[in-house]
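Taking the hints into account, I'd like the entire structure generated from these sequences.
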Amino acid sequence: MWRQHRYKILLSLILLVCGLLLAINTGAAKHSSEFDALDILGEGTTLLVACGWLGLIISSRPAGRVTEWLYYGSLLLVFSYFLDLLDEFIRYQEQVRLMSWLESLPAPVGMLVLTYGLVGWHREQRAINRQLRGRELFLRDHQLIDPLTQLYGADYLHAVLQREIELHLSQHRTLCLLVLDIDDFAGFNRRHGIAAGDTYLSRLSELLSSQLRHSDVICRYAGDRFVAVLPNTTPGQAQIMAQHLRQQITQLVSAEEAPQLTVAGMTVQQRSAQTALQQADIAIKQAKAGNVLKWQPEL
Amino acid sequence: MSPRHFGYQDKILLLQHGCTDLLALAQRRGAELHKLLSGTGIFEQDLHKPLGRLHFSDWLTLLKNCQQQLNSPELAYLLGNALLNSRYISLCQSLHYAQNLSQALSQLYYFRHQLFPCFYVRLYRQQHCIAIEFKPALGLANQHGFMFSLLCSLILGLIKQQLGSVSGISLQLQHAESAQQQQFLGVAVSFNQAADCLCIPLSFWRQPFVDANAVQFSAKTRSCRQLNRVLCKQRALPEILCRLQRRALPQLLSQDQVAAMLGLSSSSLKRQLSQHRTHFAALLDGVRRDAARQLLQQGHYSNRQLASRLGYSDEHNFRRAFKRWTGVIPSSFKGLFNPH
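Which chain is which? The protein sequence lines are A and B, in order. Under my numbering, read the first sequence as residues 1 to 299, first letter to last. Under my numbering, read the second sequence as residues 1001 to 1340, first letter to last.
Everything labelled a hint here was simulated from the structure, so no lab data went into it. Relax, there's no trap hidden among the hints.
If the Cβ cut is set under 7 Å, some of the chain A residues that face chain B in the computed set are:
{"hint": "1", "residue": "Q143"}
{"hint": "2", "residue": "P147"}
{"hint": "3", "residue": "L148"}
{"hint": "4", "residue": "R190"}
{"hint": "5", "residue": "I194"}
{"hint": "6", "residue": "D198"}
{"hint": "7", "residue": "G223"}
Just so it is clear, CB atoms sit at the ideal spot from N, CA and C, and this is done for glycine as well.
Written out as C-alpha cells, the structure reads:
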C-alpha cells in the first residue's frame, strides 16, 4: 500500500528537513545542562505517536480523498510536534517570532484537517457497511473471516446466532436458518483437485452472499457447509428463499461440472446457538437422506 | 543393530511431499509466498524440482508461518486430503491399491520416513477395536496438533474413500477441547486423554478395499523402494532412544550406554537431543509413564510388581512418579479401567 504514496513520503521528509534547517539557521544550540529531560520525553513521545499515525495511514489506506485529508492533517501535527521537540535543543532569539508561529500554528490547523478526514472516514465506513450487508451483522472481527471465501466462520456464526436468538425470543418473532451443504465435495476435490474445489467454494460464496437480503448473514460453518441466518422471517418466506437459492445454484452448477447443493431450512426454537446448530446438522442430514429439497419442521 | 538415525539438520523430506501443496493452499487463501518461505532454507525456484528436499525444521517453520498469516483451521484437513490424492506421492497412491486397511496401514508405517517421520506408533488391542497410539518421534515444537490432524485426516480420508464410512472409529486426543476436529474428521473425538490415539474397530481391518489391486500395489511399492535411495530409511533420534529404553526395561539405560549403542559420543547425543528440544531424562520418564499406563490398562498388577517392571527401586518411588504423571495414585487409576 505504501508504494501508492511515494510522493507523500518524500514530501514529508523534505518538509521536516526544511524545518530542521530553518531552526538551525535561526537559533543556536543549547548547552547540555539546559536540557529538560521530562520535557524531551513528553514531546518526543507525542512526536513518535503522531509519526505512528502517519505511518499507519500511509501503509493501510489506498489513495483517495479521505486519505489525503487524514494524511495532511497528521503531517501538520508531526511538523508542529517536531519543531516543538527541536526547541528543547535550540534557543531562538527573542525578537524572531517566526519559529514560535511555525511551532504553534500548524497543530490546530492539522487537528481540524484530521477531524474533517475522520468525518470522511465515517461516511466511507457507512458505505462499506452497506457493501458488506449479507456478509456481516452487528459484530465485526476481522480475525474470524475465513480467508478463502471471505465469509465469516463458525465462531462468528455462534456469536451472531446467540444474539439473534435472544432478541427474537424477547420480541416474539420467528428466526429461521438455511443450511446449505455441498453434495460429495470430497469426491469433487478428489476428481478435480483441491484447487478446483477452492475456486468453486469462493464462487459459490460470492453467489450466495449476493442473493441474500440485507438483513441476512451467511457464514461458512464447516468446510463444505454454509449457514444463513434469516432474522424476522417466517418459515414460508424462508422456504421461498431456499427455492430461490436452489435455482440460482443450478445456474452456477450447469455452467461447469460442479457438485450440487442440498438446501434445508429450519425454524429456530432452541434457546442456545449450540443446540440450534446441532438441530441444523440433523436437518441437513435428513434432507440429504431424502435427497430432495424438503422443509424440515421443528422436531 | 538399530536403524540409522537422522540428524536435525538432514534434509529428510521431499518438497513434493506436502510442501508444494501446503504453499498452494495457503496462497489461494491470500498468504504471500515470500512471507511463507521467510526463515526457511527453501528457495522459490526449488519448489518444482521433482527431488528437491527440505529439513524437517524448515517444514515446522513453514507451518508456523502459515498459521501466523492465516486463520484457517481447515488447512490440516485439506492438506491431508491433498496428500492422499496427490499424483506425485507413490506411497499415497499405493495405499489406495492395498487389499485392506491392515495392508495399507502397514505400508504407510513401513515407508513413514518418506511422509511422516515425526510419528511412531504402538498398537494394542482393546475389546472391540485396535487402538493405534501415536507418539511424536522428534521435537515438533508446537506443531504437534497440526501434524496429528494431518495424519488423521489422511488415514480417515483413505478409510472413507475405500470402505465408505468411518462410523465406529473414535479418536482420543491429549489436548484440551476444540470444536473443529469433530466437524472436519467426522468421527467421535474425546479430549484430555492420556495419549493421542485412533481406535479402529476390528471389522474395518480385513474388509477389502474398493480399489484393491495387487499388481498396481506392487508397482507403486516398487517406486516407493526406488525413492528410498533418495530418502533412506532412517528414524529420528528420540524415537530410537525411546525404543531402546522400552526394550531394556526394567533395566534403566544410562546416557553413556545409549550413546555407545548408537555409536555417538555422550556429548553429541546430548547436543542432538537438545536440537529436538528434549533431553535424556525427559524421554526416559516418558517411556516409563507410557509403560505404566499400558500395564495398568492391560491387567491387575500390584504396585510392587509395577515398580519392579519399570525399574523403580521401591514402590514408594513408583507411586510418587505416578502421581506426578497423572495426578492420581495408581490404585484409583486402576479403578478407571477395572471397575470390578
